[in-house]
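Turn these sequences into a full structure, and let the hints steer you where they fit.
Chains A and B are the protein sequences, given in the same order.
Per this note's numbering, numbering through the first sequence is continuous, rising by one, with the last residue being 174.
Per this note's numbering, numbering through the second sequence is continuous, rising by one, with the last residue being 174.
Hints may be right or wrong, so weigh each one.
Since the list gives no way to pick one copy over another, a pair counts as held whenever it fits inside one copy or between any two copies.
To be verified - Restricting the straight-line Cα-Cα distance to at most 20 Å, the calculated cross-link-like pairs of lysine to aspartate or glutamate (EDC-like) are:
1) 120 to 84
2) 68 to 53
3) 71 to 110
4) 133 to 174
5) 70 to 138
6) 120 to 44
7) 68 to 138
8) 70 to 44
9) 132 to 174
Source of the hints: derived by calculation from the structure; they are not laboratory data.
Protein chains: 2
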Amino acid sequence: MGFWKSLFSGSETSSPSRTTQVEAHATDGTSDRSLSPRIFFSTEREIDLYELEELCDAVGWSRRPLRKVKKAIQHSFLVVTMWEQRGVNRRLIGFSRATSDHAFNATIWDVVVHPDFQRKGLGKALMRQVIKKLRSEDISNITLFADPQVVDFYRGLGFMSDPEGIKGMFWYPD
Amino acid sequence: MGFWKSLFSGSETSSPSRTTQVEAHATDGTSDRSLSPRIFFSTEREIDLYELEELCDAVGWSRRPLRKVKKAIQHSFLVVTMWEQRGVNRRLIGFSRATSDHAFNATIWDVVVHPDFQRKGLGKALMRQVIKKLRSEDISNITLFADPQVVDFYRGLGFMSDPEGIKGMFWYPD
Chain A
1 MGFWKSLFSG SETSSPSRTT QVEAHATDGT SDRSLSPRIF FSTEREIDLY
51 ELEELCDAVG WSRRPLRKVK KAIQHSFLVV TMWEQRGVNR RLIGFSRATS
101 DHAFNATIWD VVVHPDFQRK GLGKALMRQV IKKLRSEDIS NITLFADPQV
151 VDFYRGLGFM SDPEGIKGMF WYPD
Chain B
1 MGFWKSLFSG SETSSPSRTT QVEAHATDGT SDRSLSPRIF FSTEREIDLY
51 ELEELCDAVG WSRRPLRKVK KAIQHSFLVV TMWEQRGVNR RLIGFSRATS
101 DHAFNATIWD VVVHPDFQRK GLGKALMRQV IKKLRSEDIS NITLFADPQV
151 VDFYRGLGFM SDPEGIKGMF WYPD
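The structure is reproduced here in structure tokens:
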């Protein structure tokens with residue numbers, strides 16, 4: 001539990017830069033930290049779109065035109081990426097973004113964690129970064145639309161479905 | 001039905017300007033159109049915030065800091081207002097706005113119609129303007145969060161609640 005504890009407590013500290021580093025201890029017990037993988041979060045938007053597409057492919061999402069993905073990233077209020085660094089190699093292992101009116105409401109979209117890194121608490125860590133950033137921008141209403149299989153995941157992070165009977169709705173063409 | 005038919009068919013035509021005029025025939029049967037009230041829709045963002053506050057007061061919404069309302073309007077992807085014009089007097093009778101990533105998703109917020117103008121089909125007309133504008137910008141995923149008492153209203157406009165089990169969720173602080 002030591003690693004995740006330090007990861008989460010690390011994610012609670014304020015960061016003046018666009019990158020938050022949290023340290024992942026190697027599970028093989030090595031004491032040489034220079035060889036240990038590290039997990040980074042970043043709000044930098046200069047993302048290799050092909051690397052992002054690869055990440056989305058890995059979880060089975062339908063491909064989307066990169067031109068539109070680029071536009072969506074540009075016009076998102078917040079983008080948070082999660083990286084694994086081993087030595088000089090950096091690998092994109094998670095992504096999330098939010099639209100917002102910059103004042104009251106934000107809606108989180110495209111939350112993805114690479115299958116190799118799922119079930120390790122990293123999805124929660126990524127979402128906590130997103131929530132922390134939105135709260136730091138004084139956004140009071142943080143919303144999302146959850147697929148049925150991840151409703152419990154978001155519930156564990158403090159999200160409520162249909163509070164006071166409010167229903168998420170999607171428009172379908174006639 | 002003649003008025004609403006022409007109003008709705010008017011709302012289907014593309015408008016190069018930021019204002020769409022639809023004509024409301026007076027119900028007293030007068031043939032002098034210059035004296036008839038007219039309904040306008042506009043995407044202009046230069047809105048008198050006090051007039052908007054008055055509209056929101058009329059439906060019993062909690063007041064919000066005008067500084068934040070201004071910021072939210074500025075950073076919304078789309079703002080659609082509805083106006084009644086009688087002679088030279090223009091009155092704000094409806095409002096709606098949407099956040100978006102400008103590419104895939106939009107979320108509609110703050111839909112309001114003045115009580116004096118409810119139950120006349122004007123809420124539907126306003127929403128059709130919003131949907132039409134979002135579709136014209138190639139937004140495929142139009143979403144909203146509906147209070148229980150307006151779920152059927154949105155259903156009548158083509159919105160589905162919880163499609164494929166997708167749940168709207170709101171984050172609550174611990």
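Hint by hint, here is what the structure shows:
| no. | hint | verdict |
| --- | --- | --- |
| 1 | 120 to 84 | within (13 Å within a copy, 57 Å between copies) |
| 2 | 68 to 53 | within (12 Å within a copy, 36 Å between copies) |
| 3 | 71 to 110 | within (14 Å within a copy, 25 Å between copies) |
| 4 | 133 to 174 | between (38 Å within a copy, 16 Å between copies) |
| 5 | 70 to 138 | between (26 Å within a copy, 15 Å between copies) |
| 6 | 120 to 44 | neither (24 Å within a copy, 48 Å between copies) |
| 7 | 68 to 138 | between (28 Å within a copy, 10 Å between copies) |
| 8 | 70 to 44 | within (13 Å within a copy, 27 Å between copies) |
| 9 | 132 to 174 | between (39 Å within a copy, 13 Å between copies) |
Of the numbered hints listed earlier, the single one contradicted by the structure is hint 6.
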